[in-house]
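Residue numbers (numbering that gives the first Met the number 0), protein chains in the order written: chain A, 0 to 351; chain B, 0 to 149; chain C, 0 to 141.
Incorrect hints may appear among the rest.
What the hints assert, rightly or not - Derived CB-CB ranges, DEER-like:
1) C/D119 x B/L29: 26 to 36 Å
2) A/W230 x C/F102: 27 to 37 Å
3) C/L18 x A/F315: 55 to 65 Å
4) C/D119 x A/L20: 14 to 24 Å
5) C/R94 x B/L29: 14 to 24 Å
6) A/P268 x C/R94: 38 to 48 Å
7) C/Y109 x A/E218: 34 to 44 Å
Hints were generated in silico from the structure; no laboratory data involved. Small disclaimer: the values here were computed from a predicted structure and weren't measured. Think of the CB as a built atom: it goes at the ideal place given N, C-alpha and C, for glycine as much as any other residue.
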Amino acid sequence: MSRVGAWFEKRLGTSGIIGFLSHKEVPQHEHTIWYYTGSAVLLFLAIQIVTGIMLALYYQPTIEGANASVARIMTEVPYGWALRSVHSWSATFMIAIVFVHMLSIALLKSYRAPRELTWFTGVVLLALSLAFGFTGYLLPWDDLSLAATKVGTDLPKALPVVGAWVTKLMRGGEDVAGDTLTRFFIVHVCVLPLTLLAFLGGHLFLIQRHGISLPLRAERKNETPPSLPFWPNFVLREGMVWLVLFAALLTIAIFFAPSLGPAADLLAPAPAGIKPEWYFLFLFQTLKLFPANILGIPGETIGVALISLAAAFLFFLPLIDSRPAEKRGRVMTAVVAAFIVYALAMSAWSLL
Amino acid sequence: MRIPDSLFTRRRFLGALIGGWLLALAAAVLSPLRKFIIPPYREPDEVTLPLADYASLGVGEVKPFAWGIKPGFLRKTADGAYLALVGVCTHLDCNVTWLPERSKFFCACHEGWYDENGRNIAGPPPKPLRRLETAVEADNLVVRKPGFVR
Amino acid sequence: MSRSRRALILLGVWLVGGLAALTAGVAAQSPGTLAPRPVPKQELRVPGTPSANPASQEDRLAPGSPPASPVSKQERRTEALRPAPQTIREKWGIRVFLAWLWFTTGALLYLLRRLVRESDRVHGLGYATPEPTPRKKGEPRF
Chain A
0 MSRVGAWFEK RLGTSGIIGF LSHKEVPQHE HTIWYYTGSA VLLFLAIQIV
50 TGIMLALYYQ PTIEGANASV ARIMTEVPYG WALRSVHSWS ATFMIAIVFV
100 HMLSIALLKS YRAPRELTWF TGVVLLALSL AFGFTGYLLP WDDLSLAATK
150 VGTDLPKALP VVGAWVTKLM RGGEDVAGDT LTRFFIVHVC VLPLTLLAFL
200 GGHLFLIQRH GISLPLRAER KNETPPSLPF WPNFVLREGM VWLVLFAALL
250 TIAIFFAPSL GPAADLLAPA PAGIKPEWYF LFLFQTLKLF PANILGIPGE
300 TIGVALISLA AAFLFFLPLI DSRPAEKRGR VMTAVVAAFI VYALAMSAWS
350 LL
Chain B
0 MRIPDSLFTR RRFLGALIGG WLLALAAAVL SPLRKFIIPP YREPDEVTLP
50 LADYASLGVG EVKPFAWGIK PGFLRKTADG AYLALVGVCT HLDCNVTWLP
100 ERSKFFCACH EGWYDENGRN IAGPPPKPLR RLETAVEADN LVVRKPGFVR
Chain C
0 MSRSRRALIL LGVWLVGGLA ALTAGVAAQS PGTLAPRPVP KQELRVPGTP
50 SANPASQEDR LAPGSPPASP VSKQERRTEA LRPAPQTIRE KWGIRVFLAW
100 LWFTTGALLY LLRRLVRESD RVHGLGYATP EPTPRKKGEP RF
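Go ahead and model the full structure; you've got the sequences and the hints to work with.
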């Protein structure tokens, strides 16, 4: 070890971690490809943090300044339009890969014991990513953002007892206004990042603690598939994936840069054809299915209740699917597959 | 494997190639960021003011004007011309003020003094106040950077 | 083709690529972004408020969209802002940059593939295989 290395080793004692990482292995089988989704999420998260900080150098979170500052970023600041576009598209990519990551884990049943906590932290991370998307969408303060936020913050009213209070908390009052913008901003750039990093740390620690999971079949037969060293073999492969994803992101961001609508008018009617970001489409469509009233209970309340039940099912999946190798396990796989089909169908329907 | 007469191994060469290309990619991505983080604000090259606002100035009187986002001062000189100064102290960039009873510009930050022509006379300022050119064109008083030609 | 010849060609291509990147960086910079904006008269702007004058956006609107609202800070922008390259220089700068980006990606993928093959080969031969982490009986290997 070099002298500098030895200096740090004496004070930090990191050779244990480095030793562990250098011995980490990744099993190779037909489902190894899904192992790449985790690091892809990290790539896009890093891009979001960097581009987000850059944008925050010029963004002003007030009703008067928000839209104008984003317009300034897009027109006056060098490469501002490209940076904003990368931030916007990277958000889409990140949430898409988070879904793929979660669904691959669910279908491969990697959440089974002892990895239930990893799954729980993962579901929380999904919720945080969606919260990032929701809060970030308001920040440009254009007509679409305002309408989407009005609808989104109206939904908690359907909850019993606490509903109205939660809506007031999110909006900073009864209506979406300047206070909403300010608190959405601080949540987006401070509260959510800190929370995400905390849960991400836990998630990553648990993954290292338990090692990479094996497919169910291999574990049952007690097979040990061939394995690759994590460093350098697997990391080099991950690097290749990152390169392609990065180039694809830049290309799409340059050609499909988002536009900026005129500043939101609190008194204007909602723009025609309003719909939320793609990751909320299936929820949006589900709520539209419920009539205004069912047996005296507002349809929306039932809709929100059902969605909450589904979310709870998703969260507690490892505990529900306690015997994954048996028939119950196959039923659970079918349920998860049905969820996927439902979400895709609803999203498609809402676009028609 | 290192052939006795070669400068380096093929492995190191390829490694350098990858590293170099990655560096180039990083530079290509980071240099727009470097441009991004400093916003492009430039001082105006010239500012056009309505002459009517300043025609009533007596000799030796000073009136402020806006030089971009910096304060400027216009003083009517004895021969009827206008003297334009940028009202930013040359010491550490504080805005100066005109004290008519003393006929001097004063910077409160470190007690710097300038005379009515902007020359630094007391205190820490190292240089006189920046001077701008003036011209009267029809109804307008035009203040411009020295040497700027439209 | 011998390996050294291929490597030399790669080096040459890399140098050319780097020059292209430099050109792209210079070309993609639009003079429009850095040109001084006309400062409205008598506007003592408070530092901190956005200096964006609606009129200054006029050279950034997509070609074909209506001209920007008149020079008045109070006028609300009524049209959507669509970012698009404005000059020929910008258009070609973007194309050059993207072409270089994909070329670089392809080249790096090719080189990384060789590295991956090499490290797989080394692993397969049993060289430089790290000692497996000591595990208790029955604990999974991964």
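Hints and how they fare:
1. C/D119 x B/L29: 26 to 36 Å: With a Cβ separation near 32 Å, C/D119 and B/L29 satisfy 26 to 36 Å, so the hint holds.
2. A/W230 x C/F102: 27 to 37 Å: 28 Å, holds
3. C/L18 x A/F315: 55 to 65 Å: 58 Å, holds
4. C/D119 x A/L20: 14 to 24 Å: About 19 Å separates the Cβ atoms of C/D119 and A/L20, which means 14 to 24 Å holds.
5. C/R94 x B/L29: 14 to 24 Å: This hint holds: roughly 21 Å between Cβ atoms.
6. A/P268 x C/R94: 38 to 48 Å: For C/R94 against A/P268, whose Cβ atoms are near 41 Å apart, the range 38 to 48 Å holds.
7. C/Y109 x A/E218: 34 to 44 Å: 37 Å, holds
Violated hints for the displayed structure: none, as all numbered hints are satisfied.
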